[in-house]
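Peer 1: Letter by letter, the chains look like this.
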Amino acid sequence: MQKVNLCDACSKEKGVQDPTGFALADLLLGIGAAEEIEKGAATERCPVCGYTQADFKKTGRLGCSSCYATFAEGLGTLLKAMHKGTEHVGKLPQRAHRAVELSDRMRTLNENLQKAVAEENYESAASLRDQIKQLEHELAK
Amino acid sequence: MSTAGEWLRGEGPHHQIVISSRVRLARNLRNRSFPGWAKKAERTSVLEMIKPQVEELSEMQDSFSELLQDLSALEKQVLVERHLISREHAAKNVGSAIVMNRKQTLSVMINEEDHLRMQSIRSGLQLKQAFKLVDKIDSALETKLDFAYDPRLGYLTACPTNVGTGMRASAMLHLPGLVLSELINQVIQAVSKIGLAVRGLYGEGTEAMGNLFQISNQTTLGEKEDEIINRLSKVIETIIEKEHDARQVLIQRKWNTLSDQIGRAYGVLTFAHAMTSKEALNLLSVIKLGVDLGAFPEDRRLPIDELFIDTQPAHLQKSSQQKLTAEERDHLRAQIIRERLKVFPKPDISKLAKETGNGSAPSNNE
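As given, the protein sequences belong to chains A and B, one line each in that order.
Throughout the first sequence, residue numbering follows my numbering, covering 1 to 141 in sequence.
Throughout the second sequence, residue numbering follows my numbering, covering 1001 to 1366 in sequence.
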């Protein structure tokens, strides 16, 4: 380790930040968390709630659910270090559950449609198209 | 509100060692600022959306529902001592609320760190049952409220340490055997290594008093709710075994130390005229151990368990109906303990005996 004494102006010039500046993020989320958070662009601000990266670094908390998307870059490594896995495998809200179910059904229908077309089974293709249309209608709800 | 909740009286599995099991779920509304960042008006509007829905739950019939600004500092502290609200929530004011059922087994904090913190408490080791109830409440509420949820990250929470399941499952364990035989640090270290947290009586950053320890899951992402609960339950069952083993070793090899501890605790509690809450908890813990091991009759268990709560600062303050200084509290605490112990027989050290597993100690009806 090398110790350097810098005056206020020099330290600014060399980009050294206030060493007493306290990042609660390090305390709450583990050492190195504040640095991780900074990896995203420093000016980034959540479009939904106006929370900034500096706020996140200072508090170790996020501003709203959209912040997870806004600060995704810095959060990724943090979450990996903090948890058992990087993806949720637990409970799904019914609403989300329904969306997953519908999109699964849509995928199966599309696959069957392609198969039917390839096999020149036009009758079944027509019925599949109808079902897809109906499902699209449901999804749009 | 006048008496402590049902979970204290309950007789759940392993209730001699596991005081209570708790499971809480954190949920937030989509695209609304989390309580710590929201302005007062937004917090209030979120509260107005959530509170009626919580009150309408069938489990919350005849519930206790209060805005935090309408509770006195003392009332808040009583709720903290009963583990119905967190210390953080007690510090809240306008824009926050608490809704709980009459039995005090289910409590919902609105606008704590997250928009919703739902918690279920049971006596003994009943994490699965506690989860079942809080999961049911969650499923009922999600049909009315749009919860922030991401297919990859799960439930989104104010603090990234809760993201995913938003679930914290914890059990309060009474481990005097492991403390007296100086094995507790080993246990704490082993538990911390496998991603579980050990804390003191009132959660994060609190001291272990009265040989009481809270064990909970540390991580919330990448594991299913029931997997987390099963893992935690297994570890707790192992700790229970270790505690029973430690007690047997104490009886067999440290009879003198053990009987001395129980005798001293009884002596001090019976005759002291001033006592801090920390000293009271530590001594009551030894008496509780004495009940478990047969030195006191089994029917003395409930009065001791009640004293654990009733000697806490806010509960004392509440019972006296007037503002007390710390010194007056210590005096009153000693007085209440002396009165309740009047009907207590002296410890019968000759009955210190083998425990019968998770059931009750040998009955000693005088």
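Since the hints were derived computationally from the structure, they do not count as laboratory data.
Glycine is no exception: its CB is placed at the ideal position from the N, C-alpha and C atoms.
Mixed in with the good hints, there may be bad ones.
Unchecked claim - Taking beta-carbon pairs under 7 Å as the criterion, some of the chain B residues facing chain A (in silico):
1) G1036
2) F1064
3) A1091
4) N1093
5) C1159
6) E1225
7) W1255
Peer 1: It remains to establish, for every hint, whether it holds in the given structure.
Peer 2: Hint-by-hint comparison with the structure:
At its closest, the beta carbon of G1036/B sits 6 Å from a beta carbon of chain A; the interface hint therefore holds under the 7 Å criterion. Hint status for F1064/B: violated, given a least beta-carbon distance of 27 Å to chain A, over 7 Å. Among the interface hints, the one on A1091/B is violated; its C-beta lies about 15 Å from the nearest C-beta in chain A, farther than the 7 Å criterion. Checking N1093/B against chain A: minimum C-beta separation of about 19 Å lies over 7 Å; hint violated.
Proximity of C1159/B to chain A holds as hinted, the smallest CB-CB distance being about 5 Å (cut-off 7 Å). With a least beta-carbon distance of about 5 Å to chain A, the hint placing E1225/B at the interface is held under the 7 Å criterion. Using the Cβ-Cβ criterion of 7 Å, the hint placing W1255/B at the interface with chain A is not satisfied: the shortest such distance is roughly 44 Å.
This entry does not satisfy hints 2, 3, 4, 7, going by the numbered hints stated previously.
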